[in-house]
Amino acid sequence: MNESVLGLLYLGVLLLVVKLFEDVFERIRMPPLVGAIIGGIILGKSVLNFVQANTVALFVELGVIMMLFLAGAEEFDIEAIADLRRNKRLLLATFLNWGFGTLLMLFVFSFFIPISLPSLLLFCSILSMSSVAPLARVLKDLGITKSYFAINIFAYALLVEVAGLIGSAVFLQLAIGGSFGALKVINAVFPITLFLIALYSVRKELPKVIIAVEKFIKSREVVLAIIVSFILILGYLGDSVGFNAGVVALFLGYFFSRYLERRPHILERLRGLTYGFFEPMFFGGLGLSVNLVSVRSAPLLAVVIVLTVIVVKISLGYIGGAVLRSEKPFYQAVGSSLKGGVDGALLLSALLLGVISSKLYTMALITILILTTTFAPTLKGLKKITKEKRESIKDVHVLRSYIAWYTQDTPAGEVAKMLPHIIVNEKEKLKPVVEKMAQLGILGAIVTNDVGEVVGTLVLKDVLSLSDREELQVGQAMRKQVVSVDFGTPASELIDLFHKTQIPIIAVLDEKGRVVSTVSERELLIYLTKGSLNVET
Numbered sequence: 001m002n003e004s005v006l007g008l009l010y011l012g013v014l015l016l017v018v019k020l021f022e023d024v025f026e027r028i029r030m031p032p033l034v035g036a037i038i039g040g041i042i043l044g045k046s047v048l049n050f051v052q053a054n055t056v057a058l059f060v061e062l063g064v065i066m067m068l069f070l071a072g073a074e075e076f077d078i079e080a081i082a083d084l085r086r087n088k089r090l091l092l093a094t095f096l097n098w099g100f101g102t103l104l105m106l107f108v109f110s111f112f113i114p115i116s117l118p119s120l121l122l123f124c125s126i127l128s129m130s131s132v133a134p135l136a137r138v139l140k141d142l143g144i145t146k147s148y149f150a151i152n153i154f155a156y157a158l159l160v161e162v163a164g165l166i167g168s169a170v171f172l173q174l175a176i177g178g179s180f181g182a183l184k185v186i187n188a189v190f191p192i193t194l195f196l197i198a199l200y201s202v203r204k205e206l207p208k209v210i211i212a213v214e215k216f217i218k219s220r221e222v223v224l225a226i227i228v229s230f231i232l233i234l235g236y237l238g239d240s241v242g243f244n245a246g247v248v249a250l251f252l253g254y255f256f257s258r259y260l261e262r263r264p265h266i267l268e269r270l271r272g273l274t275y276g277f278f279e280p281m282f283f284g285g286l287g288l289s290v291n292l293v294s295v296r297s298a299p300l301l302a303v304v305i306v307l308t309v310i311v312v313k314i315s316l317g318y319i320g321g322a323v324l325r326s327e328k329p330f331y332q333a334v335g336s337s338l339k340g341g342v343d344g345a346l347l348l349s350a351l352l353l354g355v356i357s358s359k360l361y362t363m364a365l366i367t368i369l370i371l372t373t374t375f376a377p378t379l380k381g382l383k384k385i386t387k388e389k390r391e392s393i394k395d396v397h398v399l400r401s402y403i404a405w406y407t408q409d410t411p412a413g414e415v416a417k418m419l420p421h422i423i424v425n426e427k428e429k430l431k432p433v434v435e436k437m438a439q440l441g442i443l444g445a446i447v448t449n450d451v452g453e454v455v456g457t458l459v460l461k462d463v464l465s466l467s468d469r470e471e472l473q474v475g476q477a478m479r480k481q482v483v484s485v486d487f488g489t490p491a492s493e494l495i496d497l498f499h500k501t502q503i504p505i506i507a508v509l510d511e512k513g514r515v516v517s518t519v520s521e522r523e524l525l526i527y528l529t530k531g532s533l534n535v536e537t
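According to UniProt numbering, the residues represented by the sequence shown are 1 to 537, in order.
Simulated from the structure, these hints should not be mistaken for lab results. We put the CB at the ideal spot given by N, CA and C, even for glycine. Treat the hints with care, since some could be wrong.
Claimed, not checked - Listed next, with one range per pair, are the computed distances between beta-carbon atoms:
| hint | residue 1 | residue 2 | range |
| --- | --- | --- | --- |
| 1 | 353 | 293 | 42 to 52 Å |
| 2 | 322 | 490 | 21 to 31 Å |
| 3 | 471 | 185 | 47 to 57 Å |
| 4 | 88 | 213 | 39 to 49 Å |
| 5 | 185 | 357 | 46 to 56 Å |
| 6 | 303 | 185 | 28 to 38 Å |
| 7 | 49 | 8 | 16 to 26 Å |
| 8 | 427 | 184 | 24 to 34 Å |
| 9 | 511 | 229 | 16 to 26 Å |
| 10 | 490 | 184 | 22 to 32 Å |
| 11 | 514 | 142 | 50 to 60 Å |
| 12 | 461 | 303 | 15 to 25 Å |
| 13 | 328 | 116 | 34 to 44 Å |
| 14 | 215 | 49 | 51 to 61 Å |
Unchecked claim - Keeping only pairs whose Cα atoms sit at most 30 Å apart, straight-line, the calculated DSSO-like set for lysine-lysine is:
| hint | residue 1 | residue 2 |
| --- | --- | --- |
| 15 | 512 | 436 |
| 16 | 512 | 140 |
| 17 | 480 | 328 |
| 18 | 184 | 204 |
| 19 | 19 | 359 |
| 20 | 208 | 512 |
| 21 | 359 | 436 |
| 22 | 480 | 461 |
| 23 | 328 | 88 |
| 24 | 480 | 431 |
| 25 | 380 | 88 |
| 26 | 429 | 461 |
| 27 | 461 | 204 |
| 28 | 431 | 204 |
| 29 | 480 | 215 |
| 30 | 204 | 140 |
| 31 | 140 | 429 |
| 32 | 328 | 500 |
| 33 | 359 | 427 |
| 34 | 140 | 500 |
| 35 | 328 | 380 |
| 36 | 140 | 208 |
| 37 | 328 | 359 |
| 38 | 380 | 140 |
| 39 | 427 | 500 |
| 40 | 204 | 427 |
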């Protein structure tokens with residue numbers, strides 16, 4: 001039978017089996033990715049030998065790319081993570097976790113694994129790095145991605161992953177060349193550095209390109225296609241200089257996060273495409289190349305690898321948490337020890353390039369499964385901690401529940417009519433805007449740029465204490481965090497947004513993502529008591 005026709009059969013069976021195993025593991029409260037990998041192992045050469053790894057190799061890479069793009073786009077508070085980058089303790093903890101971890105593993109494994117130094121460095125670097133893909137999934141399932149603890153854990157794991165990716169990219173180039181030298185290191189690092197600088201320099205321009213396209217093209221499918229094309233093309237450019245396409249996608253997700261937040265219809269289509277197809281293909285594809293027979297021939301080596309990685313990752317992760325002065329360093333250790341994302345893709349690349357053997361690949365993947373299966377459930381303790389931090393008086397929860405019920409059929413745009421609203425340009429003088437806000441009794445204003453794009457939120461209490469209001473512009477005093485909803489969003493959802501974000505004003509957007517009004521906490525209260533208050537709108 002034609003190979004392309006067989007490929008359709010392989011893809012269909014792999015997708016079906018992997019999603020089935022994901023569902024089973026989710027029902028027993030285990031990480032779904034573990035079930036997906038096990039499903040791939042069963043269909044691969046270790047058990048049934050039904051699906052060949054090379055037939056789904058492209059989908060494996062696309063899977064991690066799309067997963068990380070969505071993780072960057074929707075799951076985490078980007079401004080909070082950006083602030084944490086300036087933390088020198090975070091950089092020190094990152095070096096301890098990945099750099100020192102790689103050296104410790106190198107020392108131990110050099111007694112047991114007889115391969116070249118660059119290849120062994122690559123193997124240790126991959127096992128020492130973190131993976132934010134499974135961490136993002138676990139934190140999302142717990143519903144705590146916006147919490148202080150989750151942001152700190154994610155930022156720490158992200159930097160460990162990026163450090164590991166850069167190091168692994170260098171070691172991979174050296175391993176392919178088969179030698180180790182200063183010139184080879186420079187040749188490997190220099191193009192990666194240039195690429196990252198170029199990518200950072202266009203971070204604000206990429207969403208503007210999409211916005212410009214929207215003015216001329218009404219089709220949402222075209223916009224979606226352009227976003228995906230950016231992800232793939234820039235991922236290719238990153239890969240061509242030795243930087244992983246998955247992390248390029250993660251950065252692109254950050255760059256597009258505000259744009260997608262105001263266009264939920266596009267975000268929803270990306271979610272369906274990724275979590276319905278590409279994600280199971282990635283995790284299932286990792287399992288296809290596992291060779292369990294090779295592990296039986298060297299059980300001692302397998303035990304050494306598993307125990308070494310667990311001890312090194314947890315110990316250094318805990319020390320890193322202590323360096324960060326975390327209240328719960330154990331959770332920092334666990335979060336930075338989860339694996340099964342880009343590290344799996346790097347292992348597969350190393351296997352296909354002949355840098356590591358099938359035996360080492362299998363043992364490394366088993367280690368990943370054990371780490372994720374063992375430690376992911378322990379992160380559930382974060383939910384309790386987060387809940388305790390947010391817990392209020394019982395009567396307040398009862399009142400919020402009543403308000404949510406009362407406003408469930410009311411669109412946000414209706415509530416927005418209760419009071420005047422202020423939408424200001426970031427270049428306006430701050431003093432007259434603040435005076436107008438105080439005069440109207442409005443606690444916040446939405447800030448836009450010259451093309452009408454929402455860029456921030458001006459909060460009255462932030463600027464009242466500023467002594468230089470006459471000289472400042474709005475853009476210099478605003479918060480970059482923006483909370484927005486569609487015109488038809490149920491008003492009941494506003495309550496949780498006010499509570500979670502602590503932002504006193506929410507932007508109301510039309511179908512094209514343009515701000516048309518605002519809703520404040522005071523307006524919501526007035527709407528609930530509109531029969532007893534006479535308010536001019």
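Now for the hints, and whether the structure bears them out:
1. Between residue 353 and residue 293 the C-beta distance comes to about 22 Å, which lies outside the given range of 42 to 52 Å.
2. Taking the beta carbon of each, residue 322 and residue 490 are about 44 Å apart, not inside 21 to 31 Å as hinted.
3. As the Cβ distance of residue 471 to residue 185 is approximately 49 Å, the hint placing it in 47 to 57 Å holds.
4. The supplied range of 39 to 49 Å is met by residue 88 and residue 213, whose beta-carbon atoms lie about 41 Å from each other.
5. The hinted range of 46 to 56 Å is not satisfied by residue 185 and residue 357, whose Cβ atoms lie roughly 25 Å apart.
6. Range check, residue 303 to residue 185: about 33 Å between beta-carbon atoms, so the 28 to 38 Å window is met.
7. For the pair residue 49 and residue 8, the supplied restraint of 16 to 26 Å holds, since their beta-carbon distance comes to about 19 Å.
8. The hint said 24 to 34 Å for the Cβ distance between residue 427 and residue 184, and at roughly 50 Å that hint is violated.
9. The given range of 16 to 26 Å is respected by residue 511 and residue 229, whose C-beta atoms sit roughly 24 Å from each other.
10. Separated by about 59 Å at the C-beta atoms, residue 490 and residue 184 break the suggested range of 22 to 32 Å.
11. Range check, residue 514 to residue 142: Cβ separation about 34 Å, and the 50 to 60 Å hint is violated.
12. The supplied range of 15 to 25 Å is broken by residue 461 and residue 303, whose beta-carbon atoms lie about 58 Å from each other.
13. As the Cβ distance of residue 328 to residue 116 is approximately 40 Å, the hint placing it in 34 to 44 Å holds.
14. For residue 215 paired with residue 49, a C-beta distance near 53 Å keeps the hint of 51 to 61 Å intact.
15. Restraint check: the Cα-Cα separation between residue 512 and residue 436 comes to about 28 Å, which is no more than 30 Å; the hinted pair holds.
16. Pair hint residue 512 plus residue 140 holds up; C-alpha atoms about 28 Å apart against a cutoff of 30 Å.
17. Taking the CA atoms of residue 480 and residue 328, the gap is near 28 Å; set against the 30 Å cutoff, the hint holds.
18. For the given pair, residue 184 sits about 33 Å from residue 204 by alpha-carbon distance, which is inconsistent with the 30 Å threshold.
19. A distance of roughly 27 Å separates the Cα atoms of residue 19 and residue 359; the hinted pair therefore holds under the 30 Å criterion.
20. With a C-alpha separation of about 14 Å, the suggested pair residue 208 and residue 512 falls inside the 30 Å cut-off, and the hint holds.
21. Proximity of residue 359 to residue 436 is assessed by CA-CA distance (about 70 Å); at most 30 Å being required, the pair is judged violated.
22. Annotation: proposed proximity of residue 480 to residue 461 holds, straight-line Cα distance about 15 Å (limit 30 Å).
23. About 19 Å separates the Cα atoms of residue 328 and residue 88, which keeps this hinted pair within 30 Å; it holds.
24. Our distance criterion of 30 Å between C-alpha atoms is met by residue 480 and residue 431, whose separation comes to about 19 Å.
25. As the CA atoms of residue 380 and residue 88 are separated by approximately 28 Å, the hinted pair is consistent with the 30 Å bound.
26. Restraint check: the Cα-Cα separation between residue 429 and residue 461 comes to about 17 Å, which is no more than 30 Å; the hinted pair holds.
27. A hinted pair counts as satisfied when its Cα atoms are at most 30 Å apart, and residue 461 with residue 204 qualifies at roughly 29 Å.
28. Restraint check for residue 431 and residue 204: the C-alpha separation of about 28 Å stays at or below 30 Å, so the hint holds.
29. With a C-alpha separation of about 25 Å, the suggested pairing of residue 480 with residue 215 holds against the 30 Å cut-off.
30. For the proposed pair residue 204 and residue 140, the alpha carbon gap of about 26 Å is at most 30 Å, so the pair holds.
31. For the suggested pair residue 140 and residue 429, the alpha carbons sit about 40 Å apart, so the restraint of at most 30 Å is broken.
32. A distance of roughly 22 Å separates the Cα atoms of residue 328 and residue 500; the hinted pair therefore holds under the 30 Å criterion.
33. Among the hinted pairs, residue 359 with residue 427 is inconsistent with the structure: their alpha-carbon atoms are about 61 Å apart, more than 30 Å.
34. Using a Cα cut-off of 30 Å, the hinted pair residue 140 and residue 500 holds, with the two alpha carbons roughly 15 Å apart.
35. Using a Cα cut-off of 30 Å, the hinted pair residue 328 and residue 380 holds, with the two alpha carbons roughly 13 Å apart.
36. For the suggested pair residue 140 and residue 208, the alpha carbons sit about 28 Å apart, so the restraint of at most 30 Å is met.
37. For the suggested pair residue 328 and residue 359, the alpha carbons sit about 37 Å apart, so the restraint of at most 30 Å is broken.
38. Distance hint between residue 380 and residue 140 is fulfilled; the C-alpha atoms sit about 11 Å from each other, no more than 30 Å.
39. About 29 Å separates the Cα atoms of residue 427 and residue 500, which keeps this hinted pair within 30 Å; it holds.
40. Only pairs whose Cα atoms come within 30 Å are accepted, and residue 204 paired with residue 427 is accepted, the gap being roughly 18 Å.
Comparing the model with each earlier hint shows violations of hints 1, 2, 5, 8, 10, 11, 12, 18, 21, 31, 33, 37; every other hint is respected.
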